[in-house]
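A.B. asks: We have chain A already, so just place chain B on it with the hints.
Chains as they are written, first to last, in this note's numbering: chain A, 216 to 392; chain B, 8 to 669.
Certain hints may be false.
Computed footprint of chain A on chain B, listed as stretches where at least three residues anywhere in the stretch have a Cβ under 8 Å from a Cβ of chain A [as the list claims (entries may be wrong)]:
1. 278-289
2. 323-330
3. 600-614
Keep in mind the hints are simulated off the structure, nothing from the lab.
Computed from a predicted model, the values in this text were never measured in an experiment.
Just so you know, even glycine gets a beta-carbon here, dropped at the ideal spot from N, CA and C.
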Amino acid sequence: MNRVFLFLPLVIFLVMGLYFGLGLRQDPSAIPSQQIDRPLPEFDLPGIADGEPGLSSADLVGQVSLLNVFGSWCPPCAIEHPMLMQISRSGRVPIYGVDWRDRPGDGAAWLARHGNPFARVGDDPQGRLAIDLGITGAPETFVIDQEGRVRFHHVGIVDETVWRDTLLPVIVALEAE
Amino acid sequence: MIAELGQFALILAFVVALFQSVAIFAGLRTGDAVVHGFARTGAIAQFVLVLAAFACLTWLFAVSDFTALVVAENSHTDKPMLYKLTGVWGNHEGSMLLWALILTGYTGALAWSAKPVEARLISLTFAVQSLITAAFTAFLLFTSNPFARLWPGPENGQDLNPLLQDPGLASHPPMLYAGYVGFSITFSFALAALIDGRVDARWARIVRPWALAAWTFLTIGIALGASWAYYELGWGGWWAWDPVENASLMPWLAGTAFIHSLRVMEKRDTLKAWTILLALLTFALSMAGAFLVRSGVLTSVHAFAVDPERGVFILAILVALIGGSLLIYGLRAGLLKPTGVFSGISRESTLLVNNLVLAAACGLVFFGTFYPLFITTVSDETITIGAPFYNNTFNPMLGALLVLVPVSGMLAWKRGRLMPVLKDLAPAALAALAGGVAAFWIADRGLVAGALGTGLAIWIALGVLIDLAKRFKLFQIEFRASLARAARLPLGIWGMAVAHFGLAVVVFAITGVSAWKQETSAFLMPGQHLDIRQLTLTLDDVEQVEGANYVAERGYLTARRDQQVVSNLVAERRHYPVRGMATTESAIHARLTGDIYVTIGQPNPERGWPVFVYIYPFAIWLWIGSAILGLGGLLSIADQGRRALGVGRSPVPIRAKPEVAE
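Isolated chain A (complex conformation):
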C-alpha cells in the first residue's frame, strides 16, 4: 500500500504532462474566430476626435477591406504601424481602424505622431465592438469581403511576410468572387 503511494507523484506528473502536450498543440496565435463567414455585428462608432468621421458597419460594405484593431497603449501596434502605412500608401486595399480602449484623445494623438493609414477610424473606448468581434488582444486584423462579412482573422502583428503570404492571397481570392 505504502509502496504504491510512492508512485503518486509520477502519476500526477504524467497526467499534467499530457495536458501540457495538448496545450502545446494549440498555436496561441491561431484562435478560430467566432466571426468567420458571418456578417459583421451592426455598429456605429463615433470618431476619435471632434469633427472626425466615425466608423459604422455600413462603411465596410462594397469592397474588400481590412479592419484593424489597435490602441495607443499597445507597443506591438507601434511595431506593426509602418507596415499598415505602407499598405495604405500602396492603395491596394482600404484599411479601417478600431481604436480599442483608449483614453479620450490618446488615439488621435498617437495617429498624429505616427501617421494615419486608416480610411476611417471608430472609437471603441469601452471595448463593446471588440467583444463582439472576439478580440483577444491588440493588434488584430480582419479581412472583410464585399458583403461586409468577416472572411479572415489574423491575430498579432501584420508584417511584410504576413501581408505578402497570408493577407494578400485572401484579398485577391475575395476580389475574384
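C.D. replies: Then chain B, alone, in the frame of chain A:
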C-alpha cells in the same frame, strides 16, 4: 571564425557530458575506482568548454558581428557597451547558453570542492548532472544554435527590446538562473541517493550548502526581478502574480521547504522520502518555470520566444528528467527508512508544519498558474486568475505559517516544552498586538490587513531577537560573557536568525506597499500642480531630449510639503525608433518611510501631460529585507561549508541500512 570556434566548443561539451554520464554509470557497475577521478576531470572539462562557447558569443556581441544571426536580431551599434554585453542573455539562444554555463559551473564547483568522502555518491551525482548538461547542450545545438550565421550580414542590428535595456536585466536573469540551476545539484544528489538506495544525516550535511546556495541566489533573483518591475514597468507594481513571477516563486517555496526538511533529516534522521521528493520537485519546478515560459504554453509579457518546435524539445527533456526521476523515486524511495521518531511538540514537528504549509502554498500557486491553461484545453472558455485569488488564499495561509516562525526557532528538538517558549515570547506578542492596533489607528483606512501585517512583522522580528537574547543569556549573566557566547554561536544559528529577521522586514514592507499605497493622477500643463496626502506636486517644465538610441520627453517636477521642497523629480517617456517602442522612466524619490513615484504619459494638446503619482510606504524595505534574507542564507552556507569540510564537532552519522523490499 569566432562563432565557429564557439560552436565547436559547445559540440565538444555535449560529447564530453554524454560520454561522462554513460561512463560513470557503466564504471560504477563494474566497480572501477578510476571512474571517480574521471568524473571530476570530466566535470571541469565541461565547464571550461561551455565557458569558451559563452566567451565567443560575448565577443560577437561586443564587436557587433552582425553576420551572427543572434547578434543581428538583438543588438545594434548604437547601443551602450554594457547593454551589448547584457544582450548576450537578453534573447532565447543566449539565455539558454547562460543556463548551460551555470549548470556546468555548478558541476565544476562540485568537482573542485568535493572531498574524497562518499566517492560513490559524488560520482553518481556527477553522472546525473552530466546527463542534464548533455540534454541542454543538445537542445542548444539542435534547436537554438546561438552561433547560426546570417550571410550577408545586415548593415546594423535590430536592437534589443528597450524594456529589457535596464541595469536590472544585467543581474536579474543570471541570479535567477543561478538559483534555478543550483537546484540541479540537489536534484542530482537526490537521484544519486535513490540509485544508491541509501540516505542519511551525512547526505543532508553534504547537500545542505548547495541547497542554501541555490535558495540564496533564487531569493536575490526574485527580489531583483521585483525591483526591475517596480522601477521599469512604470506603475510601481513589484509583484503581479504573472505566470513568470509565479514560475520563480514555486521553486522558491519548494526550496524553502527543502532547506527546512534537510535540517530535520540532518538532526533527526527522519522525513527522508519526503526530503528527497522535495529535492526532485524543486528542480522540476525550476525547469518547468524556466521553460514553460519559452514554449508558448503560457503566454505573458515575459515570453520572448514562442516556438512550438523548441517547446516540444524542451517538453521532451522535462518529461524525461522529471518523469524519469519520479519513476526512480517510486521504485526506490521505499528503501529509505527513517530511524527517528516524531513527538507532538518539538522543533521537527513545527518544521513539518512548515513543510506542509509551504507545499500547500506552492500547490496553490501551481493551481493558479496552470488552471487557466487547463480550462482552455478542455473548453473554449478562457479565464484568468489574478491577485484577488492569491490575496484570499495564499496570503492567509503563509501568514498563519509565519506566526509559527519564532516558536519553531525556540522549541527544542525531540521533545520540546511549549509553555516556557510561549512565556519567553509574551513580550513579542504584546508588542505585536500594540503595533497592530497602532497601525490600525494611524493608517487612516479601516484596513485589517495593514494591522495584521504590522503585528506579524513585529512578532517575528522580536521573536528572533528574544531567541538570540536567550541564547546569549543576555541580562542573565555578565554582558561580557554574553558577548563571548554570541561570538561562539554557530554561524548556522546566526543564518537562521538573520534570515527570519529579513522575513519580518519583507512582511512589513509588503504590508506598507500593498495596504497603505496611495495614488492619484491628473492632466497637468507646465506650472499646474496636483495634491496627494500632504504633498503638492508641480509640473515645472517638459522638454525633448535625445539619448543614445532613443528620444524622450522629460518632465521636471517638484514635490513640496508646506511650501518646503521635498524633492525634485525627473520623469521620462522614451521612444526607441528602431523598435518603435515607448518606455516609461519613472521618477522615484526613495526615503526610508516610503517612495514618491511619478510617471508621465502621452500628452494631450489641450489638457497637457497626464501625471501619475503614487506613494508607496516603506517600499525600500522590500529590497533591504530581501538582502537580509539573502545574507542569512550566506551565513548558513558558511557554517555548513565548514562542517562539510569536517571542521568543528559533528555527531557520528546514523546510517540507515538498505533493506530489501518485501
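A.B. asks: Apply the coverage criterion to the stretch 278-289 of chain B and chain A: a residue qualifies when its Cβ sits closer than 8 Å to a Cβ of the chain, and three qualifying residues are needed.
C.D. replies: holds (count 4)
A.B. asks: Go check the stretch 600-614 of chain B versus chain A for me, would you? Three or more residues, Cβ under 8 Å, otherwise it fails.
C.D. replies: holds (count 6)
A.B. asks: When I compare C-beta atoms, does the stretch 323-330 of chain B have three or more residues closer than 8 Å to chain A?
C.D. replies: n = 4 at 8 Å, threshold three: holds.
Of the numbered hints given earlier, the model fails none.
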